[in-house]
Structure formats: structure tokens, C-alpha cells
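J.: Residues per chain are reported as follows:
Number of protein chains: 2
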Amino acid sequence: MNPRREFLKCFGLVAGGTCVSFDYSSLHAVNYRQQSRGKKGGMVLRFEPYDLQLRHVFTIASGSRTITPVMLTSITWEDEVGYGEASMPPYLGESHTTAHDFLSKVDLSQFSSPFLVEDILHYIEGIAPGNYAAKASVDIALHDLAGKLMQQPWHRIWGLNPEHAPESSYTIGLDIPEVVRKKTEEASSFKILKVKLGGGNDREMIEAVRSVTRVPLGVDVNQGWKDRIQALEMIHWLHEQGVVYIEQPMPRTAVDDIARITVDSPIPVIADEAVQVPSDVNKVQGVYSGINIKLMKCGGLRAAYIMAGMARALGMKVMIGCMTETSCAVTAAAQLSPLADWADLDGNLLISNDVFEGVKISDGKVIIPDLPGIGVRKIRS
Amino acid sequence: MNPRREFLKCFGLVAGGTCVSFDYSSLHAVNYRQQSRGKKGGMVLRFEPYDLQLRHVFTIASGSRTITPVMLTSITWEDEVGYGEASMPPYLGESHTTAHDFLSKVDLSQFSSPFLVEDILHYIEGIAPGNYAAKASVDIALHDLAGKLMQQPWHRIWGLNPEHAPESSYTIGLDIPEVVRKKTEEASSFKILKVKLGGGNDREMIEAVRSVTRVPLGVDVNQGWKDRIQALEMIHWLHEQGVVYIEQPMPRTAVDDIARITVDSPIPVIADEAVQVPSDVNKVQGVYSGINIKLMKCGGLRAAYIMAGMARALGMKVMIGCMTETSCAVTAAAQLSPLADWADLDGNLLISNDVFEGVKISDGKVIIPDLPGIGVRKIRS
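Quick mapping for you: the protein sequence lines, in order, are chains A and B.
The opening position of the first sequence corresponds to residue 1 in our numbering, with each subsequent residue numbered one higher.
The opening position of the second sequence corresponds to residue 1 in our numbering, with each subsequent residue numbered one higher.
The hints are simulated quantities; they were obtained by calculation from the structure and are not laboratory data.
Don't take each hint at face value.
The list cannot tell twin chains apart, which means a pair is met if one copy fits it or any two copies do.
20 Å max Cα-Cα, derived SDA-like pairs, lysine to any residue [to be verified]:
#1 Lys-317 x Val-277
#2 Lys-283 x Asp-354
#3 Lys-283 x Glu-80
#4 Lys-182 x Leu-54
#5 Lys-317 x Asp-119
#6 Lys-182 x Leu-314
#7 Lys-317 x His-122
#8 Lys-365 x Asp-119
#9 Lys-317 x Glu-118
#10 Lys-317 x Ser-279
#11 Lys-317 x Asp-280
#12 Lys-378 x Ser-113
#13 Lys-226 x Asn-282
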């Protein structure tokens, strides 16, 4: 289905339940394609709401959905355009409406050059607290633009070797064994899978996966376990099943429990919900073994690069993750992946209406495109 | 005096005391201009010892000297050359000999591109522990080369606004009041001065400076004070004298004393000797208010950029400092200065035989050149 038509349809069908993240009260303010203020010749930010259609119903410990709302952004300057994206899974609190409200306040015409990334992101940060996906959509577009102006992909600007990009995991969501087996079979090209747990059928999930494949597994509990002793027992069992890391086993507030789990765990314990921005990294040192960095959590590539550097300086593992996103944001994250121990960059593979072409997974490994900027080409306008 | 001739002269005059940092036993190994192994067409590292002549006898709490030994490096690749430098004040333990030994082991021919900065620096790090100035000389040359290949200065690659470069301080070393007054008069173009204390004549030093100028002062004790109560009394007095920060008031090992000083101090307390590399930054959080980042301590620009990001994420102040250096290493550090609260980038101004032209101080402010790479031009071969 044409996603624009899908979006327009939402105007009249909110009560029908298709537009899960949309707030009708402010629809009058959302024009189809918004353009921020901008002097002639200066930078112009554009943004456009879009609904990602998920290939499968996506279920994690906190719920199920079939659509992820995103905001596609671009920044034009002279003859160049940089692309960005905000992905807004409903449980994180951002939506088309909040992103529209935030991005409408952005006026890039006051900046003389897209290379003033530090100033621009400082200004963006000051517009409103939170809104990290919306902020990331500006950061990513700005990096794409600056990289194109330098005629270099960001992995090269950062001095990273694309050959060191890790294998990416493919995510198997919570489901009944039959569906889990089917999804695992479909993911046979991946050399590592990430299995969502915490839905009450943990052993069943793992056994269903293991009935199909012997590849290493990561496990993401999304804060779903409540008891430390049981969590640790399960982790030992998972370790025996070939699980190589466990993500966010208990609620982020259970700091003492998680710290004890990390001490006793035979596999690294990774913080996801517990770590968002650079100032969180040192707080989870000594509690977790590593951090999962996502552009939509931290506000973009600049913060993500600093977080990776901090984590490595503190002796922590680094995972680069994503939301369900187009190839735009996933490819931007892939530029950083040579700094990561694990990549979980499957968000673009989980959707059926991608707008960009960029990062590929070949024989399980992340292949970062050798194109300037974040490395994407737009394939639908 | 021709510095090459000065260096050659040292071969025969070690006993005369001119070559303070030179170890005669390994002189046979130091050829005048060394060249690392390198395949034809690959990267070639060259290095050359050089003695910086100081304009004034330089005295800090740990001693006096008139020369600083440096190693000038270059990395050539295809038609481009990147410049670097190791500055080795004797009290830090590196010398022409140690740098020669270290750099002789570096073989860059195994790397296919100068953009593989992460791989190359990982390899450099693995050659031997320590040797941070020697490591910085490779890191700086590599950044200069990569920046030139991208045709951009590093402040722009990092997205920094050169207009936000701070004013640089000029350092007034320990001396008798008459000399302090004379040096302060000579430094009248600076909008902030950094006064070395800890030599037993602290009030005399400050009063001599204050008899000439009312500009804000920074103070660097270089671990020179031994008593916390007296230190704090002095800091309060210094605050009344217009001192805006105090650097390393007590030995780095006096962690509890310094933490208490920081709590009670009316001005920020900055770590210098107590912080060297990125993994030290979180260790000094809660002990000091900020950190002094120097390329020769941390091993170069990549580590320095991460340290600045970490410090800001941890809510700490950032100072960018230097050793007595040519304009090569000082200009490289200046590229980072828009991230700093204070810059202390006077190392090239303290010498009489600079080999490069780069950063300028205009009306007290750091002016970062708009040249690609680290932004220098060689003015003596």
C-alpha cells in the first residue's frame, strides 16, 4: 500500500485504530510535507510523517504492533541534501504529533554552515527536553549533509575500518513456538540471532529457536524478569544453550539486583533501557557489562560516537542497536558498527515499505556502503 | 642557532649538560633522520629529533630547564604529507632515545589507507605501554594526513565552530618578582594568564602579577602544596585576587584531600597530573571540577576528543593544554579548543626556533587556521 495514502487515510480514520500513535487534536497543524523556516540560500529542514509497515506483528514484553510511525527528515543546503529519520515506537512516548511540534520549532537559517554541528545540536537540545528521536532526525540529516560535503562516509571520517563491522543479529520476537520456528528458518542467513524473552515462555522460545539452528544467540528480556535468583538461574541455562549476551534482564530501576546478576553471570549483561545518553554511561559502569547504543535513544550520531568512546574507555562492551526504521537510520548506525562488539541492525529488514537503500547484511555481516555521508540512496520519494 | 647544528653538537657535548634529556648509551642508534620501514606506495613514517630553545628559563615546582627535546614526525602517503610531533619534557620520562626506539618499531606499510586511524592507533598502542608523546606524534601526523585528504581542518570535521575557541592563557613560570613583573608586562596582549605556584613564594608571585595587570588568572600548582587546610585558605585568597581556576593543587595521590578542596573551593579545581587518558576521566569525577587535556599525555587527537566528550557528559570543565611544543602540536590541540572552557596553548610562544606556522593568538583569543588537517605550514626544513 502506498504509505502516503496510508498516512492521508489516517486523517479520517483515527477512530478506526490504524494510526496507533496519532493525536487527532493536533491534526490540523500537521500538513502533509512540512518545511521549517529558512532564509533563501541557508539550510532548510523538511520533515514528513510516514508509517512503517511491519512484515510480522512485532511483540516484545511490553506489547504488540504492526506499524511504527517515523518522521523522515531532510536538510538541504546549496545543492546538497542530507537525510534523517525519527523512529517512534509508541512505548517511548514520541509520535508524529510530538515530532511535528518539535521540528516545527527548528530554524536552521540562523546557522551559516552545516559544519557547525556542535552549535546546531546545542540549539536543538535547547528547544525542548526529551524528543530524542526528533533530535536524532536532525543530527542524522546533518551528518549525512556534512559527510556528503566532505565526500566521505562517516566510518572513514571517524577512522573506522568497515571490515571490522560485526555480524548483525536478527530479532525473533515473542511468539508461539510454531511462529518462532518459522521466523528462525527465515533468518537462516544470520550468524547470530537475538531472541526476545520475558513473555512467560522463555524456555519454549529458546527451544523453538534451537530446534532450527545452532548459531549463537543474544537474548533481550526488555526488563521482563522480576526476580534476581530466577533471572540468574535462567541466565545459566541460557548460557548452556549457547546464548552469548543478555540484555536488560530486569527493570532498569533494579540496580542492585542487576549489579549482582552481572557479577555472577557467565555472559555479558547489557544495558538498554537503563542507558540513554552519554551522561548515563558512567552510571551503568559496575552495574552492567556493556551498553546498547541506539540513535533514537541518545539523539543521533554525535552522542552515539561519544557513548561508544566512553564505554570502551570504561572497559564496557558496546552494542549498536536500532528500532524498526528505514534503511536511513539503520545505515547511519551501521557507520559506527566497527566500534561495536555486537550489532543489532535489523530494523530495516523488519519492514515492507523501506524508503532508502543502504546497509546490507551479507553472510550475516554488516556491509557498510561506500557512499558519502551516512551512505544511503533514496528509492521512493 | 641552527637547531640541527645544536642537535649534532650534542653528540659530542653530552657531558657539558646542554642535552638534558639525552642518553649517550644509545646515541649510536639515533641517526639524524630516521625512516620507518614502508612498502613502496604505502605510508611512510619519518622522525627527526629536535631541541626546542626556550625563550626564558622555564621553572615549575619540579625544576628548571632551557631546552625541550621533541621528535618531529611525518607520514607520507601518495602525494600528501601529515606532520606530527612528540614533546618530551624530561620529568615525564620520554626522551629522544625512547621516542626513537618506539618509532623505529612502527611499520605503517601493513595498512592500506591512512583513514584506518582506529586500526593504526590500536597497533601503535600495542607496540609498548607508555610512550604517550611518541604515540601522539603518530596520531597527530595521521590526523593531519587524513584531514588533508578530506581537504578539511579538524575543527570542521568535528563540527566545531572556530569562533568559539576560547582565549588562551599565557604561562608565567616560577621566578623572582622582578622577572615575574617583566614577563607579565610582555604578556599584555593576553586576556588571561596562568601563574605557576607551589614554589614557596605564592603570594609574592600573584602580587607581582597583580602589580602589572588586572586580567583574570588561572593558577597551576603542579602538585606543589602538601596541606589541605593551607591549600584551601590560599585558594580563597586567590579567588579574591581574581583567580578563576586552580590546577592540581596537591599531589595526584591526595585524592581525599583534593575532593574536599573541590567541594569547598569557590573556583573550579582542575586535574592535570591526575588525568592522562580517557579511562582516567571518570576516576576524577567527584574529585576535581574539570580536566586538563594534553595531546602528549593522552596519545593524540583521537583520545583527546573522546576525553573532551566524556568530561562534558560527566558535567566537568574542560581545559586544553600543551607542553612547550612547536606550532605543530599546539595547532593540533587548538583544533579541539572550541570544546574547551579554557585553553592554555602558549607552548609555541615559549620557544625561539619554531618549525611550523599555525595557530595564532589575536587579542588574547585562539585563532584556528582555516587550513586542512591540523592546520600548519612547515616553515623550516
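J.: If a hint holds in the structure, say so; if it doesn't, say that too.
T.: Taking the hints in turn, this is what the structure says about them:
In this homomeric assembly, Lys-317 and Val-277 come within 20 Å of each other (Cα to Cα) both inside a single copy, at 16 Å, and across copies, at 18 Å. Taking the closest pair of Cα atoms, Lys-283 and Asp-354 never come within 20 Å of each other, the shortest separation being 36 Å inside a single copy and 44 Å across copies. With identical chains, the CA atoms of Lys-283 and Glu-80 are never at most 20 Å apart, being 40 Å at best within one copy and 43 Å at best between copies. Taking identical chains as interchangeable, the C-alpha atoms of Lys-182 and Leu-54 lie at most 20 Å apart only when both belong to the same chain, with a minimum of 16 Å there against 74 Å between chains.
Taking the shortest alpha-carbon separations for Lys-317 and Asp-119, only the inter-copy value of 18 Å comes in at or below 20 Å, while the best intra-copy value is 30 Å. For the identical chains of this complex, Lys-182 and Leu-314 are neighbours neither inside a copy (40 Å) nor across copies (46 Å), given an alpha-carbon limit of 20 Å. Taking the shortest alpha-carbon separations for Lys-317 and His-122, only the inter-copy value of 17 Å comes in at or below 20 Å, while the best intra-copy value is 28 Å. In this homomeric assembly, Lys-365 and Asp-119 come within 20 Å of each other (Cα to Cα) only across copies, at 19 Å, whereas the closest approach inside a single copy is 35 Å.
For a Cα distance limit of 20 Å, the shortest separation of Lys-317 from Glu-118 across copies, 17 Å, qualifies, whereas the shortest one inside one copy, 27 Å, does not. In this assembly of identical chains, Lys-317 and Ser-279 lie within 20 Å of each other by CA distance both inside one copy and across copies; the values are 17 Å within and 14 Å between. In this assembly of identical chains, the alpha carbons of Lys-317 and Asp-280 lie at most 20 Å apart whether taken from the same copy (15 Å) or from different copies (18 Å). In the homo-oligomer, the alpha carbons of Lys-378 and Ser-113 never lie at most 20 Å apart, since the shortest distance is 24 Å inside one protomer and 29 Å across protomers.
Within a single copy, Lys-226 and Asn-282 get their C-alpha atoms no closer than 24 Å, and across copies no closer than 31 Å, so neither meets the 20 Å cut-off.
Violated hints, listed in ascending order, are 2, 3, 6, 12 and 13; each of the other numbered hints is respected by the structure.
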